[in-house]
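Asks: These protein sequence lines map, in sequence, to chains W, A and F.
Letter by letter, the first sequence follows residues 1 to 646 of the working numbering.
Letter by letter, the second sequence follows residues 1 to 176 of the working numbering.
Letter by letter, the third sequence follows residues 1 to 101 of the working numbering.
The hints are simulated quantities; they were obtained by calculation from the structure and are not laboratory data.
Keep in mind it's a predicted model, so treat the numbers as computed, not measured.
A hint or two may mislead.
[To be verified] Straight-line Cα separation of at most 35 Å, DSBU-like style, residue types lysine-lysine; simulated pairs:
no., chain 1, residue 1, chain 2, residue 2
1, F, 55, W, 63
2, W, 368, W, 32
3, A, 26, W, 63
4, F, 55, A, 144
5, W, 30, W, 173
6, W, 117, F, 55
7, W, 164, F, 86
8, W, 114, F, 83
9, W, 164, F, 89
10, W, 30, F, 86
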Amino acid sequence: MEALPFHNWYWDLIFLGPVLGLILGLVLFKKKVGVFTTLGMAFSTFFLVFLCLWNLDTPVTSKIFNWWHIGSGQNILQVDILFTSNRLTLLMGSLVGFIATLVFWYSTHYEALKGDKSRYYAGLVLFTFAMMGIVFSGNLLLTFVFWELVGFSSWFLIGYWHHKPEAARAARKAFLVNRIGDIGFIIALMLVGVYGGTFDIEVLLREAHSGHQAWMTWAGAGLLLAVIGKSAQFPLLTWLPDAMEGPTPVSALLHAATMVAAGVFLLVRMFDFLAEPVLTTAAFVGGITAFMGAFAAWRQEDIKKVLAFSTISQLGFMIASIGAGYPQFAFLHLFTHAFFKAGLFLGAGVMAHHANSYSLEAMGGMLKKAPWVTYAFIAAALALAGVPLFSGFISKEAILAGINNWTAISVREGFHSSILVSILLWSGVFLTAVYVARMLGYLLKPKNETAAVSTPNSQLIPVVLLGIGSIWLVAGLLPWDFSQAWIIDQSAESIPEAPIWMMPLTISLIIFGGYLGYRDVHYTKQKAFNRAVTNLSRLNWQLDAIYNAMIVAPTLWVAGMVRIIDKKVLDGLYNGAVAGFVVVGHFLNLVDRYLVDGTVHLSVYVVRRSGVLAKAGSGSIQAYLIWAALFLLVLIITVFFMFIGF
Amino acid sequence: MDAAIVTFYMFCGLAVVAATGMVFTKNLLYAAGLLAIVMLSLAVVFIYAGAMFLAVSQILIYVGGILVLIIFGVMLTSRKPGFSFEAGTHYHFFGWLAGLSIMVILIMTILDFDFTRWMHPPEVPDNLSGYTSIQHIGVLLMSKYLLILELAAIFLLVVMAGALQIGAKEEGGKAS
Amino acid sequence: MIPISHFLLFSAVLFGLGLIIVFTRKHILMVLMGIELMLNAVNINLAVFGHWDTKFQQGQIFALFVILVAAAEAGVALAIIIKLFKNFKTVDLSRISGLKD
Numbered sequence: 001m002e003a004l005p006f007h008n009w010y011w012d013l014i015f016l017g018p019v020l021g022l023i024l025g026l027v028l029f030k031k032k033v034g035v036f037t038t039l040g041m042a043f044s045t046f047f048l049v050f051l052c053l054w055n056l057d058t059p060v061t062s063k064i065f066n067w068w069h070i071g072s073g074q075n076i077l078q079v080d081i082l083f084t085s086n087r088l089t090l091l092m093g094s095l096v097g098f099i100a101t102l103v104f105w106y107s108t109h110y111e112a113l114k115g116d117k118s119r120y121y122a123g124l125v126l127f128t129f130a131m132m133g134i135v136f137s138g139n140l141l142l143t144f145v146f147w148e149l150v151g152f153s154s155w156f157l158i159g160y161w162h163h164k165p166e167a168a169r170a171a172r173k174a175f176l177v178n179r180i181g182d183i184g185f186i187i188a189l190m191l192v193g194v195y196g197g198t199f200d201i202e203v204l205l206r207e208a209h210s211g212h213q214a215w216m217t218w219a220g221a222g223l224l225l226a227v228i229g230k231s232a233q234f235p236l237l238t239w240l241p242d243a244m245e246g247p248t249p250v251s252a253l254l255h256a257a258t259m260v261a262a263g264v265f266l267l268v269r270m271f272d273f274l275a276e277p278v279l280t281t282a283a284f285v286g287g288i289t290a291f292m293g294a295f296a297a298w299r300q301e302d303i304k305k306v307l308a309f310s311t312i313s314q315l316g317f318m319i320a321s322i323g324a325g326y327p328q329f330a331f332l333h334l335f336t337h338a339f340f341k342a343g344l345f346l347g348a349g350v351m352a353h354h355a356n357s358y359s360l361e362a363m364g365g366m367l368k369k370a371p372w373v374t375y376a377f378i379a380a381a382l383a384l385a386g387v388p389l390f391s392g393f394i395s396k397e398a399i400l401a402g403i404n405n406w407t408a409i410s411v412r413e414g415f416h417s418s419i420l421v422s423i424l425l426w427s428g429v430f431l432t433a434v435y436v437a438r439m440l441g442y443l444l445k446p447k448n449e450t451a452a453v454s455t456p457n458s459q460l461i462p463v464v465l466l467g468i469g470s471i472w473l474v475a476g477l478l479p480w481d482f483s484q485a486w487i488i489d490q491s492a493e494s495i496p497e498a499p500i501w502m503m504p505l506t507i508s509l510i511i512f513g514g515y516l517g518y519r520d521v522h523y524t525k526q527k528a529f530n531r532a533v534t535n536l537s538r539l540n541w542q543l544d545a546i547y548n549a550m551i552v553a554p555t556l557w558v559a560g561m562v563r564i565i566d567k568k569v570l571d572g573l574y575n576g577a578v579a580g581f582v583v584v585g586h587f588l589n590l591v592d593r594y595l596v597d598g599t600v601h602l603s604v605y606v607v608r609r610s611g612v613l614a615k616a617g618s619g620s621i622q623a624y625l626i627w628a629a630l631f632l633l634v635l636i637i638t639v640f641f642m643f644i645g646f
Numbered sequence: 001m002d003a004a005i006v007t008f009y010m011f012c013g014l015a016v017v018a019a020t021g022m023v024f025t026k027n028l029l030y031a032a033g034l035l036a037i038v039m040l041s042l043a044v045v046f047i048y049a050g051a052m053f054l055a056v057s058q059i060l061i062y063v064g065g066i067l068v069l070i071i072f073g074v075m076l077t078s079r080k081p082g083f084s085f086e087a088g089t090h091y092h093f094f095g096w097l098a099g100l101s102i103m104v105i106l107i108m109t110i111l112d113f114d115f116t117r118w119m120h121p122p123e124v125p126d127n128l129s130g131y132t133s134i135q136h137i138g139v140l141l142m143s144k145y146l147l148i149l150e151l152a153a154i155f156l157l158v159v160m161a162g163a164l165q166i167g168a169k170e171e172g173g174k175a176s
Numbered sequence: 001m002i003p004i005s006h007f008l009l010f011s012a013v014l015f016g017l018g019l020i021i022v023f024t025r026k027h028i029l030m031v032l033m034g035i036e037l038m039l040n041a042v043n044i045n046l047a048v049f050g051h052w053d054t055k056f057q058q059g060q061i062f063a064l065f066v067i068l069v070a071a072a073e074a075g076v077a078l079a080i081i082i083k084l085f086k087n088f089k090t091v092d093l094s095r096i097s098g099l100k101d
């Protein structure tokens, strides 16, 4: 098809649709703000899909304006506002838009959001806007700006019910854990700025393609750390399960399209930039996470917790696939995963409304109460487990084939521990079937209650649409052949052959796992081993406790010690000094009452006043200001000595 | 030495002395008065810097507006019986250390810099020589900076509404 | 002609004095006055360097908007101080330590 000429105002249509909808809604009908926002989002999505049809294979980078620059002549570092439209960004943008539209629509009648929804919708719009920014940005610095914006708005939405202490705590945790990852991003940005001389992603990719340099390895490692934080990978995965405290539609958006997908998307986008060691690390991190997440999802009691850990596990699959050198397969899985995970979360929200609880025990007999939602939920769950004829099967098959190929090559080159990644991913597939079957088993357990509430159409239709989106047609025409999936660009990279034993193996693993998981619902024997597994799974490998013991507690201990030193030693010194001066004063008083008295009082005064150190954490604004200024001084002096010299 | 230049240094000295007085005085009303002196001296300094319009707006806005606001603030917050206009000090050591060090670093940087390129201000271009400085600024504000001016107007409106909202007594609560 | 560095030195001294006022005074209105002093010190620099931009007078215009923002800030600050006074019954910063914990 002939590509459309690309104008800069297209970006306005893409970015400003939901924003305009929100503003119109706030001005015109405050009660109907959700409908307006949904329409705006739908408009942007429609436009994006339209662009997908025409411009998929003609990459365009448009420069909006020159943001700022440092230096001049040869040493100039120019930063432009760039937006890129290519195959990857357009597909991802349409995906984000589609999921966001459905979530916005779903939220219009979501019962738990009582009263005024304008704050909620403002948060959602900011969230989606920032994600669109990450997707289309053609400049790494701009990406970072939107990256932080995504972090901020997720904090806002997770803590939407800020009067609930758990929600506030979860929001804080998500924010802080993400900050750890962002340190990596900042380091990467510094390296890129200093050594690369430009933040333009296309230029960086081209440079990396023509030959890797040492700094790119470290910058890539920084990016990987950022992604580990944002996509909840192995060391930093504890925030995502806690993020369940937010409203359920927010979880759907966060898990499917915006927050955690941003990390995977960034790695796919920057794939050529990442060096070999970074990729290998990514493969291991992904493998470990896929296994840990699936295991932790196994024995959860809360349906949202099951889904949260399953997201972590599926993201692990994607990261591992990128690490193995097949970013397209990771993107394929991201695409199919977005549909079924959003469907699962939205469906769980409806079912929790019917059951009045998120606990799996209370979920029985759903087929009678809300048949259509349950059918859609089952379809999405089967896709998650990777059952044939569903979309998850195709993408998972692709990832496993890629990993298999990578392992074979690595072993041939003498890198034997890569087999571990393969094993971890296969066990991940098995455990996925186990926990999905267990979850479905609870849902379908008959229960003698009649339907009490009806589901509004604005919730039913999105869930059913997403359920339909879980069948294989979303990914490609043939339900067994991933290489024909329409998302995959056939010309870009070599597509590995799946070995003949792979499909039977996956299917038998799924059937066996499904049997085990279904049995789990009805026969729960309380053996010691079983109990231990349950505890380990339910508490997510005790990670929270381990982090508490290893990081939080020592920090608090140090802080406590500082406080004690402050209180005991410094105050003691101060009191002692005061006392000493007073004693000396009295002594001198006898000697020369009139001459020395003033001096002593001055000294006492000075000592007492310099007790400001003891007041460091006093909570007074001015104390903080002074410390900030003193630190600034130290910084200035250091810079003088380092770069200029007196 | 030129009388005009002597006047400049006189007003500079006056401003510095008044500001130093503000650091030490205990009485809030004295401090407000000293601030007024600083502002007026600064207006004179602005004239020497070639900024006539700024000098006038300085007197209008600061002395006429902000200082009055501050004095209102003093009156409104010291209505308790037995309350004087006394204002104490704290953080003597570290506050002075931080403030003075930053001042010293600023001064050292300025003394270190070579100002030869900045000896004489440029001539006024031909197409502007018909305007006086104030007329020129008026034209600029209504042409090149019109958007900023309008935004500033909206900003001030919002600030007014916000200040009213914050300062208003609570609904159904007791009067202030 | 007065050398430009004298303007700058003058502004540096005023800025430092304003900083000291902000750091050491207990009364919140004194802190506000210190901030105004610092803003004015910055304005001197803007005005002096603006003298070199004869065509667009950016220095003067910028200083003008700084004054505007300072006026707005004083208005809002006064409202906040009155609210603070209602809540804490004092404007003594050494007794207002809500940032602790």
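Asks: Run every hint past the structure and note whether it holds.
Replies: Consistency of the hints with the structure:
Of the pairs offered as hints, the one joining residue 55 of chain F and residue 63 of chain W holds, with about 30 Å between alpha carbons and a cut-off of 35 Å not exceeded. Distance hint between residue 368 of chain W and residue 32 of chain W is fulfilled; the C-alpha atoms sit about 32 Å from each other, no more than 35 Å. Distance restraint check for residue 26 of chain A and residue 63 of chain W: the Cα-Cα separation of roughly 58 Å exceeds the 35 Å cut-off, and the hinted pair is therefore not satisfied. Using a Cα cut-off of 35 Å, the hinted pair residue 55 of chain F and residue 144 of chain A holds, with the two alpha carbons roughly 11 Å apart.
A distance of roughly 32 Å separates the Cα atoms of residue 30 of chain W and residue 173 of chain W; the hinted pair therefore holds under the 35 Å criterion. Our distance criterion of 35 Å between C-alpha atoms is broken by residue 117 of chain W and residue 55 of chain F, whose separation comes to about 50 Å. For the proposed pair residue 164 of chain W and residue 86 of chain F, the alpha carbon gap of about 28 Å is at most 35 Å, so the pair holds. Proximity of residue 114 of chain W to residue 83 of chain F is assessed by CA-CA distance (about 30 Å); at most 35 Å being required, the pair is judged to hold.
The straight-line distance between the Cα atoms of residue 164 of chain W and residue 89 of chain F is roughly 30 Å, inside the 35 Å bound, and the hint therefore holds. In summary, the hint linking residue 30 of chain W to residue 86 of chain F is supported, as the alpha carbons are separated by about 33 Å, within the 35 Å threshold.
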